[in-house]
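One-letter residues, chain by chain:
2 protein chains.
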Amino acid sequence: MTGKTGKTGKTGKTGNMLIAHGGGPTPVINASLRGAIEQAGRHKEIGNIFGARFGVEGIFKDELINLGALADEKIRLLSHTPASAIGSCRRKLADNDYPLVLDCLKRHNIRYFFYNGGNDSMDTCDKIHKLACRSGYEVQVIGIPKTVDNDLAGTDHAPGYGSAARYAAFSALELALDAASLPARVVVLELMGRNAGWITAAASLFQALMPCEHLVYLPELALDREKFLVDVREAYDRKRGLLISVSEGLKDTAGASLGDTGIRDEFGHIIHGGAAQHLADLIMAETGLKARAEKPGLLGRVSMAHQSPTDLAEAYAVGAAAVEAAVRGENGSMVSIEAEREPAYTWRSGLVPLGLVANIEKTFPREWINPAGNGILAPFLSYCAPLADAPAPSYASFLRDTIISAT
Amino acid sequence: MTGKTGKTGKTGKTGNMLIAHGGGPTPVINASLRGAIEQAGRHKEIGNIFGARFGVEGIFKDELINLGALADEKIRLLSHTPASAIGSCRRKLADNDYPLVLDCLKRHNIRYFFYNGGNDSMDTCDKIHKLACRSGYEVQVIGIPKTVDNDLAGTDHAPGYGSAARYAAFSALELALDAASLPARVVVLELMGRNAGWITAAASLFQALMPCEHLVYLPELALDREKFLVDVREAYDRKRGLLISVSEGLKDTAGASLGDTGIRDEFGHIIHGGAAQHLADLIMAETGLKARAEKPGLLGRVSMAHQSPTDLAEAYAVGAAAVEAAVRGENGSMVSIEAEREPAYTWRSGLVPLGLVANIEKTFPREWINPAGNGILAPFLSYCAPLADAPAPSYASFLRDTIISAT
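Protein chains in written order, with my numbering: chain X, 31 to 437; chain Y, 31 to 437.
Just chain X, same shape as in the assembly (with noise of 0.2 Å):
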């Protein structure tokens, strides 16, 4: 751990712990969950471990969850369990929600406060720290970072991104064996990110071992159709058959969500329809080629098949080292992680302050993507693969050997 946020100084103070859950989940959050609670056992400055059941929501309903109760192969069976084991919510706090998020703290005698979540949950965990403060009441509050979209700051990637990426990675490779196996098809493939690319991104990471075209297109450049169509054109021409993969959240030139339903979610993030069928019927009426739209959507972030050993590991560890932070006295800070890929992929955790990450999304790289805008570069790949820690299957030559070489 580095970096050094708030007062420091080991508190020794006895009190109970209580650990909250922001947003969706994602393959690993309860990962984060098991290297706290395992971690707080090891401390006897910390009493009761609790969780707060639906989020921020079980802590005004006072209905929290007494975790040290559970046995000790429940909690090491965390590392493999989808979704969030203690619940989530989505609820945005008003103002002056947090003096009841406060009483129930003191009611209980919280002294360590972890919130796992990302960029809006960390913004909920600095107000609390901030109101804390002001009112003389002493918790150590620490984030631990957690999103599949890979869009907060202050961290070189956020644990859930790891195990997203290798969804995206292998569900795209699968389905472009698909279109390559039939004759000249399109698919286009509709992958979870709101304003940040990194998930879709990822769906280039087998792009070696394709048989067929890929395009990519993330929501950090606006997609113009016209051009879409010359793109979707030129490549379906050299009848190799074409996946197209899309994020949900991308906007058009006049900076319409092209999945919008028109709903919005309680933060005002639209609620998106499809994107992928949006463009698959574009394509079907422009160019009278048959395309596909799928839609994983949710399965990848619950989905425990492409969990990545590496995001199990770092998601273990943040956990951990929030409660390591907060026991030496750290506050007001999330856990980040520090990562170096030359020569090989280290990582350690660090610290940084809720401030400089709360509300902040960090958006894809336009220099990681393509100057035509439709694919994805090298840099990106090498930054991605230690996190989906994705081996290249065995499989993916077959349809060289075979449908390709023989054109």
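For the record, the hints were derived by calculation from the structure and aren't laboratory data.
A few of these clues could be false.
The list treats identical chains as interchangeable, and a pair is accepted whether it falls inside one copy or across any two copies.
Simulated pairs of lysine-lysine, DSBU-like, Cα-Cα distance not exceeding 35 Å [to be verified]:
no., residue 1, residue 2
1, K157, K257
2, K122, K269
3, K160, K257
4, K320, K281
5, K320, K122
6, K320, K257
7, K257, K43
8, K392, K160
9, K104, K269
10, K269, K91
11, K257, K269
12, K157, K320
13, K91, K281
14, K320, K91
15, K157, K122
16, K136, K122
Treat the numbers as computed from the prediction; the structure is a model and nothing was measured.
Since the structure of chain X is provided, determine the placement of chain Y on it from the hints.
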């Protein structure tokens, strides 16, 4: 192998073998290919082993792949290779196309012809067989069953279905956990199936482990939108989260396909857009609830992560059985699977005349759907469980110990 169809008696004739794929791939179609290739290698009557590149398209264009030239270890890889390793197609043959197929068989001295497909392909296979008989060209024609849809008649089930069922079961359970881990949410999951609900029904395999409500709608029953909305409101009001599993081919009481894009494929089948998105939009518009639609689509037939071991073994065996039947002198038949489930699941291959399975769609039995038309009954689970070979995941009980039991 049981059953007798066409002429029998070991042919003893030396000749070449051709195998072709028809229609969409399955996660185990290449295992049947491996079974046929390896079994053919044991018979000196069979000379060269050819695969048709892109199904009947390859026969027309005289693009045959010399499968006998592939190394043994490459052939073994077929068991875990997704999509179609030799290519498939959806071309529906016109009457005047058949003589061209026969010309190709003669040109390459094909005396053993295998067509691996569903009910459309078995019709094609039957017509090739009959034309060969009329023309006096001696060739053993045997169908190898394959379809994720499980709508093939004359067989307990079709290879490919078990893996698609396993994918549906895990996808539904994991989405159910996601839906239950955020305060009362509605998720609509669309699974493959034009007219038959077999795959969607498998979403109920882990029903007993689901911590949320689950409604299931198959295309065998017309969807009444008003009744559907009543179902949704009632289920949602139990405040446990709600998963709704639907088939892509779901129709309303007026006979209109909910996901109809207005486009037809070569067989006249509807190209489906999104039944799930349609229903999610309906829920949002009529109830004010927020609903998300997910459509993994083709991932359900190409994803290797959920390949069923039983399905894999059976797919290999029916490929091998087809070669054995042909060498034995059987003709004009499809290999079938005859299964028993009591006292334990056992199966053996059989043979059925192609004419009895061609173009017939075996739909899901009404008596395995609950009287309300929104759920699947236990007898189906007994039918499907051994095919999907899906052990209940250890994680499934977790939410009961935390967010569910805490209510």
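Status of each hint after checking the structure:
In this assembly of identical chains, K157 and K257 lie within 35 Å of each other by CA distance neither inside one copy nor across copies; the values are 45 Å within and 45 Å between. Proximity of K122 and K269 under a CA criterion of 35 Å is satisfied inter-copy only: 20 Å between copies versus 49 Å inside one chain copy. Proximity of K160 and K257 under a CA criterion of 35 Å is satisfied in neither setting, with 49 Å inside one chain copy and 50 Å between copies. When the C-alpha separation of K320 and K281 is checked against a cutoff of 35 Å, the pair qualifies both within a copy, at 23 Å, and between copies, at 22 Å.
Taking CA atoms no more than 35 Å apart as the test, K320 paired with K122 passes between copies only; the shortest distance there is 16 Å, against 42 Å inside one copy. Proximity of K320 to K257 under the C-alpha cut-off of 35 Å is found in both arrangements, the shortest distances being 19 Å within a copy and 34 Å between copies. With identical chains, the CA atoms of K257 and K43 are never at most 35 Å apart, being 62 Å at best within one copy and 58 Å at best between copies. Taking the closest pair of Cα atoms, K392 and K160 come within 35 Å of each other only inside a single copy of the chain (24 Å); across copies the shortest separation is 64 Å, beyond that limit.
In this homomeric assembly, K104 and K269 come within 35 Å of each other (Cα to Cα) only across copies, at 25 Å, whereas the closest approach inside a single copy is 52 Å. In the homo-oligomer, the alpha carbons of K269 and K91 lie at most 35 Å apart only across protomers (15 Å), although the nearest pairing inside one protomer, at 59 Å, exceeds that limit. In the homo-oligomer, the alpha carbons of K257 and K269 lie at most 35 Å apart inside one protomer (19 Å), although the nearest pairing across protomers, at 46 Å, exceeds that limit. Taking the shortest alpha-carbon separations for K157 and K320, only the inter-copy value of 28 Å comes in at or below 35 Å, while the best intra-copy value is 51 Å.
For a Cα distance limit of 35 Å, the shortest separation of K91 from K281 qualifies neither inside one copy, at 39 Å, nor across copies, at 43 Å. With identical chains, the CA atoms of K320 and K91 are at most 35 Å apart between copies only, with a shortest distance of 22 Å across copies and 51 Å within one. Taking identical chains as interchangeable, the C-alpha atoms of K157 and K122 lie at most 35 Å apart only when both belong to the same chain, with a minimum of 12 Å there against 64 Å between chains. Taking CA atoms no more than 35 Å apart as the test, K136 paired with K122 passes inside one copy only; the shortest distance there is 21 Å, against 72 Å between copies.
Checked against the numbered hints listed earlier, the structure breaks hints 1, 3, 7 and 13; every other hint is satisfied.
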